[in-house]
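There are 2 protein chains.
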Amino acid sequence: MLSNLYEFTLMTSNKKYVIDIDLDYENIVQKIEHFLGKFLLEIYGNCSAVFDGRIKSTLGLGDRLLIIKIDQTILLHELRSLKPINWQLPGVGKLEFKLINSGENKQDIKQTNNYLLELYTFRPKTNESFTVVFENIYSLRAITGRENSEINIEGNEADMQSYLVQNPSLIEDDIKIINREYNTPIGKIDLIGKDKNGKTVLIELKKSLITPADAFQIVRYREIIMKIWNKPENIRSMIIGSKISEKLYFYLKEHEIEFKEIKWNEIFPSIPRKKKKKLNDFFSKNT
Amino acid sequence: MLSNLYEFTLMTSNKKYVIDIDLDYENIVQKIEHFLGKFLLEIYGNCSAVFDGRIKSTLGLGDRLLIIKIDQTILLHELRSLKPINWQLPGVGKLEFKLINSGENKQDIKQTNNYLLELYTFRPKTNESFTVVFENIYSLRAITGRENSEINIEGNEADMQSYLVQNPSLIEDDIKIINREYNTPIGKIDLIGKDKNGKTVLIELKKSLITPADAFQIVRYREIIMKIWNKPENIRSMIIGSKISEKLYFYLKEHEIEFKEIKWNEIFPSIPRKKKKKLNDFFSKNT
DNA sequence: GCCTAGGTCCCGTTG
DNA sequence: CAACGGGGCCTAGGC
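Protein sequences appear in the order of chains A and B.
Just so you know, we're using our numbering here: the first sequence kicks off at 1 and counts up by one.
Just so you know, we're using our numbering here: the second sequence kicks off at 1 and counts up by one.
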């Protein structure tokens with residue numbers, strides 16, 4: 001595939017998987033389109049942008065890094081902050097690049113700053129358009145590579161649930177877990193237990209801080225189970241988490257919802273800082 | 001500042017704001033550290049990674065783009081998808097880069113693939129560490145620019161609230177808005193109105209789809225207001241949104257919560273696709 | 001496709 | 001600082 005790149009004026013590169021594209025504007029749109037969908041594209045330059053859809057966002061001129069991934073994901077990043085300042089998800093069909101002559105009098109097309117490079121996309125599913133206009137491009141490159149990534153995640157809520165099923169005494173003495181992900185008309189109850197007095201315990205799990213929405217949720221589950229099972233005196237409700245605000249704690253108490261504190265990060269601790277455990281240790285332990 | 005870059009072997013670049021750093025591993029750590037905090041750094045190569053904190057995530061070898069922003073935000077991006085596969089937020093102190101000799105016999109330090117470049121960070125606030133190890137680096141560059149960005153966002157929930165305060169008849173005839181963001185012990189009520197019969201109307205606003213948590217929130221508000229004000233017969237509750245599932249609609253009905261459909265995207269429409277309105281039009285309209 | 005809920009949610013605002 | 005709620009939330013899983 002690389003063989004036919006040189007129908008354009010591309011900068012040769014001795015870097016594996018990275019192709020710098022020269023900034024002469026001649027055929028720049030075709031050059032870009034050549035890489036779309038096959039390479040990750042990076043355009044760094046001075047641009048403005050408009051997103052119009054779920055909200056309207058207009059972005060004044062600034063130096064930003066536009067990344068167009070292989071799957072059409074578009075990210076417009078500033079020099080600070082985690083989230084892109086603008087973005088668009090895949091599903092925009094063919095990306096529409098266009099070169100616009102901004103100068104009064106027509107000049108050499110190789111002169112970058114007389115031309116604007118516009119990217120326009122439209123995503124029918126959400127009725128959203130996104131436009132980026134580059135007044136100046138400082139760098140343009142395409143990168144590719146092997147995508148054989150593999151991620152392993154431990155310590156999410158599903159893990160916590162499994163752990164508590166294995167160790168129910170962490171919840172309370174002599175409780176038995178009789179259901180996981182129990183289906184109700186309004187959603188799933190994380191765990192259902194039977195306590196030592198034979199009462200049913202509805203349990204909602206949260207890894208960390210309990211939010212008001214979490215508290216409401218378990219109240220609502222209690223409501224629906226009482227209605228379905230029609231045995232209110234035999235039902236307890238409990239929310240498990242590592243932290244709760246005082247206000248919410250009393251709210252739960254009023255509604256006869258118990259709060260059980262389980263500090264998940266003590267059960268599932270991070271590797272201590274002092275040990276400075278390194279990547280190799282981690283991998284060798286796991287294999 | 002650029003003047004003293006050439007104490008290292010950097011590639012000269014004719015591109016404004018973009019500096020390619022050569023991949024000889026001699027002094028590579030110092031080269032990188034030279035740019036940290038002042039430039040956005042991009043390292044593209046074959047790497048593995050471990051994040052350890054709120055969860056543990058281990059990432060096998062793959063070609064990924066590591067971005068280190070000026071504010072210490074770290075993003076590890078794959079060639080697809082919006083979100084980085086791993087990341088870390090600012091607050092990690094000095095980033096710890098280290099060059100590790102991986103080969104059995106010591107070889108020329110300029111040979112990339114006998115050395116591993118490791119980045120280790122630790123974020124005390126959340127007790128999270130993040131380690132990336134590059135087995136191969138294909139490209140290393142630093143970019144900088146002007147950060148005078150300005151974003152203008154319209155059409156969020158706050159805008160909707162203001163719009164309804166100005167145009168209460170959209171909610172119903174002869175209603176008067178008497179409160180915004182009314183504080184209760186369990187949260188803020190978006191709007192409180194007085195209807196034509198003198199009844200109080202508690203109003204919860206949602207831009208789009210009503211979620212179960214939204215529905216339950218307004219039920220709780222009703223509860224708390226009834227308790228505080230002690231005038232249940234004079235209180236109505238309403239949730240405003242552009243969409244609701246049938247299930248939730250009946251849930252609300254059972255709890256005497258009214259649902260008022262207001263299609264926000266009709267009040268605040270997107271620029272139609274057909275017109276293909278461009279950035280310039282948008283800006284000239286707004287100025 | 002809708003619905004539901006988790007997330008290393010992030011992020012801004014308020015008290 | 002914690003707490004609270006919005007977000008163009010995104011994303012994965014179930015039905």
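Certain hints may be false.
[Said to hold, decoys possible] Reference excerpt, derived from the structure (chain A facing chain B, CB under 7 Å, subset only):
hint, residue
1, Thr126
2, Tyr138
3, Ser139
4, Ile153
5, Asn197
[Unchecked claim] In the DSSO-like style, the derived pairs of lysine-lysine whose C-alpha atoms are separated by at most 27 Å in a straight line are:
hint, chain 1, residue 1, chain 2, residue 2
6, B, Lys188, A, Lys16
7, B, Lys231, B, Lys194
8, A, Lys207, B, Lys227
9, A, Lys253, B, Lys188
10, A, Lys83, B, Lys207
11, B, Lys260, A, Lys56
12, B, Lys231, A, Lys188
13, B, Lys260, A, Lys69
None of these hints come from the bench; they were simulated from the model.
As the structure is a computational prediction, the values presented were derived from the model and not from experiment.
Where a beta carbon is used, it is the ideal one built from N, C-alpha and C, also for glycine.
Structure-based check of each hint:
1. Thr126: 10 Å, violated
2. Tyr138: 5 Å, holds
3. Ser139: Holds: closest Cβ of chain B sits about 4 Å from Ser139 of chain A, inside 7 Å.
4. Ile153: 5 Å, holds
5. Asn197: Because about 29 Å separates Asn197 of chain A from the closest Cβ in chain B, which is outside the 7 Å limit, the hint is violated.
6. B:Lys188 / A:Lys16: This hinted pair is violated, its Cα atoms lying about 55 Å apart.
7. B:Lys231 / B:Lys194: Within the cut-off at roughly 14 Å; holds.
8. A:Lys207 / B:Lys227: Violated: Lys207 of chain A and Lys227 of chain B sit about 32 Å apart, past 27 Å.
9. A:Lys253 / B:Lys188: Holds, at roughly 21 Å.
10. A:Lys83 / B:Lys207: Judged against 27 Å, a Cα distance of about 22 Å means the pair holds.
11. B:Lys260 / A:Lys56: Holds, because 24 Å separates the two Cα atoms, which is no more than 27 Å.
12. B:Lys231 / A:Lys188: 35 Å, violated
13. B:Lys260 / A:Lys69: 40 Å, violated
Hint compliance for this structure: hints 1, 5, 6, 8, 12 and 13 are not met, and every other hint is.
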